[in-house]
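Enquirer: This is what each chain is made of:
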Amino acid sequence: MKLTLTIWRQKNPGTQGKFVSYPMNDVNPEMSMLECLDVLNERLIEKGEEPVAFEHDCREGICGSCGFMINGIAHGPLPGTTVCQLTTRHFKDGDELTLEPWRSASFPFIKDLAVDRRSLDRIIESGGYISVSTGNVPDGNAIPVGKEIADRAMDAAACIGCGACVAACPNGSAALFTGAKIAHLGILPQGKEEADRRAVRMVGQMNAEGFGSCTNIGECTGVCPKEIPLEVIAKMNHDYLCGAWRERHQAITTIAPVTDWDFAKK
Amino acid sequence: MKLDAGIPSGPIDQAWDNARFDMKLVNPANKRRHTLIVVGSGLAGASASASLGELGYNVLCFCFQDSPRRAHSIAAQGGINAAKNYQNDGDSIYRLFYDTVKGGDFRAREANVYRLAQNSVHIIDQCVAQGVPFAREYGGSLENRSFGGAQVSRTFYARGQTGQQLLLGAYQALERQIDAGQVTMFPRTEMLDLIVIDGQARGIVTRNLITGKLGVQLADAVILATGGYGNVYYLSTNAKGSNATAIWRAHKRGALFANPCFTQIHPTCIPVSGDYQSKLTLMSESLRNDGRIWVPKKKGDKRKPSEIPEEERDYYLERKYPAFGNLVPRDVASRNAKAVCDEGRGVGESGLGVYLDFSEAIQRLGEETIRERYGNLFDMYQRITDENPYKVPMRIYPAIHYTMGGLWVDYQLQSTIPGLFVLGEANFSDHGANRLGASALMQGLSDGYFIIPYTVGNYLATAKRGKVSDAHPEVQAAVTSVQQGIDKLLSIRGKRTVDSFHRELGKIMWDDCGMSRNAKDLQEAIGRIRALREEYWQNVNVPGSGDDLNQSLEKAGRVADFFELGELMCIDALERNESCGGHFREEYQTPEGEAQRDDEHYSYAAAWGYTGPGKPPELTKEPLEFAYVHPSQRSYK
Chain A
254 MKLTLTIWRQ
264 KNPGTQGKFV
274 SYPMNDVNPE
284 MSMLECLDVL
294 NERLIEKGEE
304 PVAFEHDCRE
314 GICGSCGFMI
324 NGIAHGPLPG
334 TTVCQLTTRH
344 FKDGDELTLE
354 PWRSASFPFI
364 KDLAVDRRSL
374 DRIIESGGYI
384 SVSTGNVPDG
394 NAIPVGKEIA
404 DRAMDAAACI
414 GCGACVAACP
424 NGSAALFTGA
434 KIAHLGILPQ
444 GKEEADRRAV
454 RMVGQMNAEG
464 FGSCTNIGEC
474 TGVCPKEIPL
484 EVIAKMNHDY
494 LCGAWRERHQ
504 AITTIAPVTD
514 WDFAKK
Chain B
1076 MKLDAGIPSG
1086 PIDQAWDNAR
1096 FDMKLVNPAN
1106 KRRHTLIVVG
1116 SGLAGASASA
1126 SLGELGYNVL
1136 CFCFQDSPRR
1146 AHSIAAQGGI
1156 NAAKNYQNDG
1166 DSIYRLFYDT
1176 VKGGDFRARE
1186 ANVYRLAQNS
1196 VHIIDQCVAQ
1206 GVPFAREYGG
1216 SLENRSFGGA
1226 QVSRTFYARG
1236 QTGQQLLLGA
1246 YQALERQIDA
1256 GQVTMFPRTE
1266 MLDLIVIDGQ
1276 ARGIVTRNLI
1286 TGKLGVQLAD
1296 AVILATGGYG
1306 NVYYLSTNAK
1316 GSNATAIWRA
1326 HKRGALFANP
1336 CFTQIHPTCI
1346 PVSGDYQSKL
1356 TLMSESLRND
1366 GRIWVPKKKG
1376 DKRKPSEIPE
1386 EERDYYLERK
1396 YPAFGNLVPR
1406 DVASRNAKAV
1416 CDEGRGVGES
1426 GLGVYLDFSE
1436 AIQRLGEETI
1446 RERYGNLFDM
1456 YQRITDENPY
1466 KVPMRIYPAI
1476 HYTMGGLWVD
1486 YQLQSTIPGL
1496 FVLGEANFSD
1506 HGANRLGASA
1516 LMQGLSDGYF
1526 IIPYTVGNYL
1536 ATAKRGKVSD
1546 AHPEVQAAVT
1556 SVQQGIDKLL
1566 SIRGKRTVDS
1576 FHRELGKIMW
1586 DDCGMSRNAK
1596 DLQEAIGRIR
1606 ALREEYWQNV
1616 NVPGSGDDLN
1626 QSLEKAGRVA
1636 DFFELGELMC
1646 IDALERNESC
1656 GGHFREEYQT
1666 PEGEAQRDDE
1676 HYSYAAAWGY
1686 TGPGKPPELT
1696 KEPLEFAYVH
1706 PSQRSYK
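Protein sequences, first through last, are from chains A and B.
Residue numbers for the first sequence follow my numbering, so the first one is 254 and each next one is one higher.
Residue numbers for the second sequence follow my numbering, so the first one is 1076 and each next one is one higher.
Bound-form chain A, shown alone:
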């Protein structure tokens, strides 16, 4: 089949970017979108041009590395699917596809289709965990967790941290990502002890990173490759309100967002 890929090309944040169209005349419908880019890149290299930079690793839809907009939809048109698992048979012969990177002020641009998502790591760093050190734990079955609770925790924990929710949100909000972690840990008995602190700190960090506010539009859950339900945002808001009340005497510290890549030597 034939596809035309119109791709955002930009060498680095300091240069001007532009869309470049690449006709692909022999696409095998079994190929994934990323394999289609592989084939394009091989040709570009053979012609002496620079290949398209894009993020990818596992190519099984679980590592969360890959992702870009296809015709304005994060991860493309197929629900519950990352671009690495999106086969080209889901497009029609002759389709024109516009590929552009996640656009968000909290995801600084790197190159072509690659952006910097360290802001998501910092949200986890600010409290997306249960504070338990290695060895200091009871027997696994000493903490019973009902099946329904375990299943709901798992639904939220399935988040792969790809950033599609942010890219899809008209407000550039990271509420689905943040809410998924708060919900996963907050509904488990193990995670209840520090639920207040966790929600207050994580929401505080989300704001410090410059992500927008959630206005319950729902684009995020629509594009989420793991179909994280919108209810995690309700859980986040609930835990944040409770936490903000009970922790009101505590100073909230956030982590300074870092955008450069020149790591200081330790």
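Keep in mind that the hints were calculated from the coordinates and are not lab data.
Backbone N, C-alpha and C fix where the C-beta goes; we use that ideal spot for every residue, glycine too.
It cannot be assumed that every hint is accurate.
[Said to hold, decoys possible] Here are the simulated EDC-like pairs of lysine to aspartate or glutamate, each with C-alpha atoms no more than 20 Å apart in a straight line: (1) K1570/B x D1586/B; (2) K1582/B x E295/A; (3) K400/A x D1200/B; (4) K264/A x D1622/B; (5) K255/A x D1432/B; (6) K264/A x D1200/B; (7) K1288/B x D515/A; (8) K345/A x D1461/B; (9) K1570/B x E302/A; (10) K1563/B x E303/A; (11) K445/A x D515/A; (12) K445/A x D1200/B.
[To be verified] Partial pick of chain A residues on the chain B-facing surface, computed with a CB cut under 8 Å: (13) V273; (14) M284; (15) D310; (16) E313; (17) T334; (18) K364; (19) S386; (20) G393; (21) G414; (22) H437; (23) L438; (24) L483.
For chain A, the structure is supplied; the task is to place chain B on it using the hints.
Expert: Same frame as chain A, now just chain B:
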């Protein structure tokens, strides 16, 4: 060179306790004065970094991905074993130990495996406390399932995403230590050389993948947790970025590489569909719990599976191995799939596939139960193949999945370079010639949470180390050699892409050093790899420059190392004149076609030393002794 694994004396069930008691400790107040480098942020690397940070060490953790959460442990599907015996079905630490030694075809070190089985129970406790959402019974207790190579249900799981959930648990523990200031994280930073000073590992040379800048990090010890080398084969279930560069460059600095030819072929992957294919997708082994594997009895039978009546189907695993049936270990299942396809009974367009059929299980349990157990896997299969596995049988074929070989380590997980420790898939220690399902996650976490925190402390407390600085000639020499390698790759500007070379190397490896091997093919493969490597250094085309994000350059360095490692794998496979586990030499098989071990001559770990460019590697043997599990012909009949 003589290898001393340092296995503690005394009964095996007390060995680890005794070893820990004999270890020297680092005073809590002194821990922060020690800097430790951890390379890799998968299950082993993240759990090690977190645990060492909790103890108070100053930890520097490196990963090439944009976030530590992306490490390929995340893709493990099926589960993690633990000898909890929650199911009251006869499990015990000893039985897990026994199964693992036997499953490894008697090529693993007994004391290490026993310790792994002991630690397995602590891992589950740790992960539950971290909030890993394991599958639960309605009453709230942990659920288990069975898995290949075992007759008890000891596998804990979180849907089909167990690796993801365990890694997120370790990643979150790691982030907690980053927040606490105990760990400094260096994402998008690749280790390109090991710095060895006065015979001790003292640091690494890195490349920042965004700025292209080379950096030097010095430390009191270096811990490699960089995973396996399955991507030598180009097509594998590994992530595209998984590579052997860290362990290979450490090897070239003096660390012995053990059993490189022990690779695991996973029996249940989606078959290859075209030349453009970039990787193979695994379908969890847990599917074999309910799926039945079959091919038509007739050769070249092109009928649809639904048109082939029951009596014309060959459920070959159930027929040949009635005791284990579809749950035979991976090496046995893979070899049998290849055998029926070689006979011309394979299915699908390429004839390289067998059916994995759920119709009987769906009839017995209902579609809902099957969806509950494997829903995400079925969805993934359908997305990729456009076939509905609830209605038609899946087609599967074996693919490279895991490498049991790796850097040689002693009981302390220390390599032959003092101060260089190796964890998880990157080392060779626990799985022998074949790894059982749901054991990789167990080993990564056992090494990271429960072994390295003790053994690295013992090293720091006992090994004398001088002061080092960036100005040291060894540091400068390492940086220069890395820079020269990069400059060379960028200067060739030949006619072929890195991927085209990698694909060709992978094909040689798969054909001649894959599921079955023989001396003649291996010898030829060695010659072809050398010729291809020579062409690579004359004719590869690496576009762009070294001072920004250049994914072709990243790949080029990794593929250069795969050439050298691939050759060593063939040399090792050629040297081992026996069949064991995943290493099947056609010359050595029983009359029924099963692997024929030669315990008299080959009951050892083959540890190879690097002797210089173009020079033959030097073999040192670590004899294996079996005081508890008596080596026997593995039988799953």
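Enquirer: Between the alpha carbons of K1288/B and D515/A, is the straight-line distance 20 Å or under?
Expert: holds (9 Å)
Enquirer: Classify the hint on T334/A as holds or violated, based on whether any CB of chain B lies nearer than 8 Å to its CB.
Expert: Hint holds; T334/A Cβ to chain B Cβ min 6 Å, cut 8 Å.
Enquirer: G414/A was flagged as interface toward chain B. Is the shortest Cβ-Cβ separation under 8 Å?
Expert: holds (6 Å)
Enquirer: Taking only the CA atoms, is the gap from K400/A to D1200/B under or equal to 20 Å?
Expert: holds (18 Å)
Enquirer: Are V273/A and chain B close enough, Cβ to Cβ, to be under 8 Å, as the hint says?
Expert: violated (16 Å)
Enquirer: Regarding the hint that L438/A lies at the interface with chain B, is the smallest CB-CB distance below 8 Å?
Expert: With a closest approach of 5 Å, the L438/A hint holds.
Enquirer: Closer than 8 Å between Cβ atoms is the bar; does M284/A clear it against chain B? Give me holds or violated.
Expert: holds (6 Å)
Enquirer: Would the hint on K364/A be counted as holding, given a Cβ-Cβ threshold of 8 Å to chain B?
Expert: holds (5 Å)
Enquirer: Between the alpha carbons of K255/A and D1432/B, is the straight-line distance 20 Å or under?
Expert: With Cα atoms ~35 Å apart, K255/A and D1432/B exceed 20 Å; violated.
Enquirer: Would the hint on G393/A be counted as holding, given a Cβ-Cβ threshold of 8 Å to chain B?
Expert: Since the shortest Cβ distance to chain B is 4 Å, the answer is holds.
Enquirer: Given the hint that K1570/B pairs with E302/A, does the C-alpha gap stay at or below 20 Å?
Expert: holds (13 Å)
Enquirer: Does S386/A pass the interface hint, meaning its C-beta sits closer than 8 Å to a C-beta of chain B?
Expert: holds (4 Å)
The structure fails to meet hints 1, 5, 6, 11, 13 and 24 from the earlier list, while all remaining hints are met.
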